[in-house]
Amino acid sequence: MELVDNVLKLSSFFAVTIGILVLFIGRRINSLVSFLREFSIPEPVTGGILCSILLAVVYSLTSIEIEFDLAARDVLLVYFFTTIGINASLKDLLAGGKPLVVLLFITIAYMAIQNLTGIGVASLFGLDASVGMLSGSVSLIGGHGTAIAWAPRISEDYGIVNAMEIGIASATFGLILASLMGGPIAKFLINRHNLTPSGDEGSGAGNGGSDVAKGESSVTGFDFLDAVFAIHVCIIFGFLMNEGLQKLGLQLPLFVTCLFAGIVVTNALPQSFPRLTGTKWPSRKPAVALIADISLGTFLAMSLMSMQLWTLVDLAGPIFTILATQFVIAILVNIFIVFPAMGRNYDAAVVCSGFGGISLGSTPTAMANMSAVAHRYGNSHLAFIIVPLVCAFFIDLVNALMIPLFLATF
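Following the numbering used here, the numbering of the sequence shown begins with 179 at its first residue and continues without gaps.
Keep in mind that the hints were calculated from the coordinates and are not lab data. Note that the Cβ used here is the ideal one computed from N, Cα and C, for glycine as well. Check the hints yourself; a few may be wrong.
Pair ranges (Cβ atoms, derived) [as the list claims (entries may be wrong)]:
#, residue 1, residue 2, range
1, 455, 192, 32 to 42 Å
2, 212, 290, 17 to 27 Å
3, 514, 400, 42 to 52 Å
4, 514, 302, 17 to 27 Å
Could you put the whole structure together from the sequences, leaning on the hints where they help?
This is the structure:
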């Protein structure tokens, strides 16, 4: 911890510690405020947004900026998506084939609509089309990473001096809207259509570890270590896969290849395969669900608590108008296109909560939305397979082609 030029820099250790505290604060607030529970607002979202507001107040009163080292946060993201892969069975993947393709095509079409919306609203303010792109798939579906990657190029090629600020502002407020959208949409669809989960949904990364929480399954120290060991084995394979793809010229986030490594290892190992631990591969075991909950909750809490809201004040006008329009369109697409196309059942409702996270936020936001819904109403393995595959893999590839196409066209 050090204070340099009015910037208080907190190490990764403090960042994780505060993230855990923020997660508990969000949990306590959600337990006290029925509105937050009713609409399945994720606990890390509640605590994270509150923390970021408090830090903004501190900055306004003292001019001291608090900066977190978020290296551990990125490790937690890799952990979470590896658990998703470990819990994925070939049967689920085959069953998710058609819904996966349908959701992918809907998402690609929505990305084009999102960009056209951003460009259209920006033009009403007399702004360049590239500004609309910064509040389109560059920052919303693309998230902070894509916004940060594209902003320098847009700034240089199109003369948008504050391109980075616009992109980060759009990604930040989009993340907040996405976090608040998924739960209410799922609640509306579940209540309106009287939906219930299928009876064969068990423990997994998507059910909030409810079996453990209810005391239906106990997790020993060796169970936990066995799950951690399995995760690390998959991460090693995922890292090697990522390195190989980079040599071929294909850049993918590490958590994507770790997700695939988890799927491959889980489905390649025979049930009777002898393991040094003397246990079966921990697919869909309570220990894996527990690690998934810890990883996702702490990751999202750290992401939201580290938002520097004071940097966004001067960009409010056009950006808020674009985001408000994007928000309405995302809700309409979710209810009238995604839900019917996914089958109008409980899985479809959970997918919609995830699509709410994809549309304006990021992959972790989508997973947090679905986790909150699954914890309240019941698990959906199908949703937790097809949504991360669409938003963690295909979106990055499509966006990499769509962004330069729209910039060149408009």
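Going through the hints against the structure:
1. For the hinted restraint 32 to 42 Å between residue 455 and residue 192, the CB-CB distance of approximately 34 Å keeps it satisfied.
2. A hinted range of 17 to 27 Å for the beta carbons of residue 212 and residue 290 is inconsistent with their spacing of about 39 Å.
3. In this structure the supplied range 42 to 52 Å holds for residue 514 paired with residue 400, their Cβ-Cβ distance being about 49 Å.
4. The hinted window of 17 to 27 Å between residue 514 and residue 302 holds, with their beta carbons roughly 25 Å apart.
The earlier numbered hint that this structure contradicts is number 2, and it is the only one.
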